[in-house]
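Given the coordinates of chain A, work out where chain B should sit on it, guided by the hints.
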Amino acid sequence: MRIALVVLAAIGSALIGRSIAQGCLRRAAALRQAMDAMQLLRIQMLERLLPLHAALEKSGFEPFKLAGSLLAGGEGAASAWKKAAAQLTKRGAMLDCLTADDLNALAQLFDGLGMTSRAEQEVLFSSALREVGRLESEAAKSGAEKGKLYTTLGLLCGLMLAIAFV
Amino acid sequence: MDAVERLAGYLPDGLAERVRARGGVLTELRLRPASRPQLCFSGGDELLKEPLRPEEFQEIAARMLEHSLYAWEDELRQGFFTLPGGSRVGVSGRCAVEAGRLTAITYLSALCVRVAREVRGAGTALARELTKGGAARSALIVSRPGMGKTTLLRDAARLISDAGYTVALADERGELAACRAGIPTLDVGPRTDVMDMCPKHIAISHMVRSLKPDVVVTDELGGKRDADAVLDARRSGAAVLASAHASSVREAERRPALREMIRCGAFDLVALIDGGLGRLAEIRELGGSA
Chain A
1 MRIALVVLAA IGSALIGRSI AQGCLRRAAA LRQAMDAMQL LRIQMLERLL
51 PLHAALEKSG FEPFKLAGSL LAGGEGAASA WKKAAAQLTK RGAMLDCLTA
101 DDLNALAQLF DGLGMTSRAE QEVLFSSALR EVGRLESEAA KSGAEKGKLY
151 TTLGLLCGLM LAIAFV
Chain B
1 MDAVERLAGY LPDGLAERVR ARGGVLTELR LRPASRPQLC FSGGDELLKE
51 PLRPEEFQEI AARMLEHSLY AWEDELRQGF FTLPGGSRVG VSGRCAVEAG
101 RLTAITYLSA LCVRVAREVR GAGTALAREL TKGGAARSAL IVSRPGMGKT
151 TLLRDAARLI SDAGYTVALA DERGELAACR AGIPTLDVGP RTDVMDMCPK
201 HIAISHMVRS LKPDVVVTDE LGGKRDADAV LDARRSGAAV LASAHASSVR
251 EAERRPALRE MIRCGAFDLV ALIDGGLGRL AEIRELGGSA
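Chains A and B, in that order, are what the protein sequence lines are. Heads up, the first sequence is in this note's numbering, so the first residue is 1 and it goes up one at a time. Heads up, the second sequence is in this note's numbering, so the first residue is 1 and it goes up one at a time.
With the rest of the complex left out, here is chain A (with noise of 0.2 Å):
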């Protein structure tokens, strides 16, 4: 029985540190779909010209979906986001792992979305694209890294835990 009771344990803390190191990983995948969904959002905008709401709504990426439906209500795009970006950065929302800059990034680029020509809408969302990759790369190495130190210090508290039992 006791054995058991240090084994269960030496497991939960393991997947204790693993679900850390999982959290540090889903900000560098949510910036990864960030950048997908800008590279539909160019398309739809400036090969199809759709209006900005529905290109916003094609983009396949929930909180651009959500500015979409907000500006299609009659919302500017730099207000549409930052009531989306309120919602969606909640404790447990989509975006609660993006950090500061990144928001900072995604707002920087809905300033200046829609209302200028198809040539500055171009070196606008390039600017935004490289900006958000060097975050997301900063992001994936330091997720790697983390996700690495707190799956073994769950290991090792686990096991901390078992020699302490015994």
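Worth flagging that the hints you see were computed from the coordinates, not collected in a lab. Errors might be hidden in some of the hints.
[As the list claims (entries may be wrong)] From the structure, some residues in chain B lie toward chain A, with a derived Cβ separation under 7 Å: (1) Glu66; (2) Ser68; (3) Ala71.
Even glycine gets a Cβ: it sits at the ideal position worked out from N, Cα and C.
Then chain B, alone, in the frame of chain A:
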């Protein structure tokens, strides 16, 4: 929702109320930043008391453009864009010109909204003439600007379509059918296919090739490419119903492209609008075929 109600949706509350109140007789709404909004009617105008703040003007423009200026760039370069419901918005502002061509309008300084009207029955006489004798005939509607050519054209297209003919509508400015996501918001008839926001010479050729229409309908013919497309459509067996700016047939013939179409027999009839909004003064036989 009619054009006036759609227009009111873009405006601040006070102005929207006034537009709704005068909606029945309103022909144009003219807006300028830091100036009093001007409501135009067929017999005069009204300047509202309160000037429009520059930020209100910008907000109205942004909403009319669906916060998507990039999508309307080509239309703005031509000086206008179309609202859902078919109202046309003329714009002016600071222009960027390159090699003698207008490349962009920045700092919008005026919006002139021409309120679209759907007048059912306006095209009855014309549609009757066009469908007399079974096979559809071709006609050119001629009038000065702002006399209701588009209204007449739209209603005639609806009636021809109702009468059993397949109609192809080349709606370059989006005023005839006022499509929203591909669906006409104005009634253009049950047998009508629409190609909108596309240069009319491309739209006419495309539709004749791919949709086999009995009648091609289009607005404001003018250039050589339009003439070539219309004559091609006629040679392919489709009738053409179109409009052009001119105060008489003689004046229309002074424009090279219209003269070529008339002389090559592109039209069987010419309809003149005069003396009132969409009111036909005369329908005259021209004779000949392309």
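Should the interface hint for Glu66(B) be scored as holding, given a Cβ-Cβ cut-off of 7 Å against chain A? OK, holds: Glu66(B) within 7 Å of chain A, min 4 Å.
Holds or violated: is there a CB of chain A closer than 7 Å to the CB of Ala71(B)? Holds: closest Cβ of chain A sits about 5 Å from Ala71(B), inside 7 Å.
Next item in the hint list is Ser68(B). Is there a CB on chain A closer than 7 Å to its CB? Because about 4 Å separates Ser68(B) from the closest Cβ in chain A, which is inside the 7 Å limit, the hint holds.
When the structure is compared with the earlier hints, no violation turns up for any of them.
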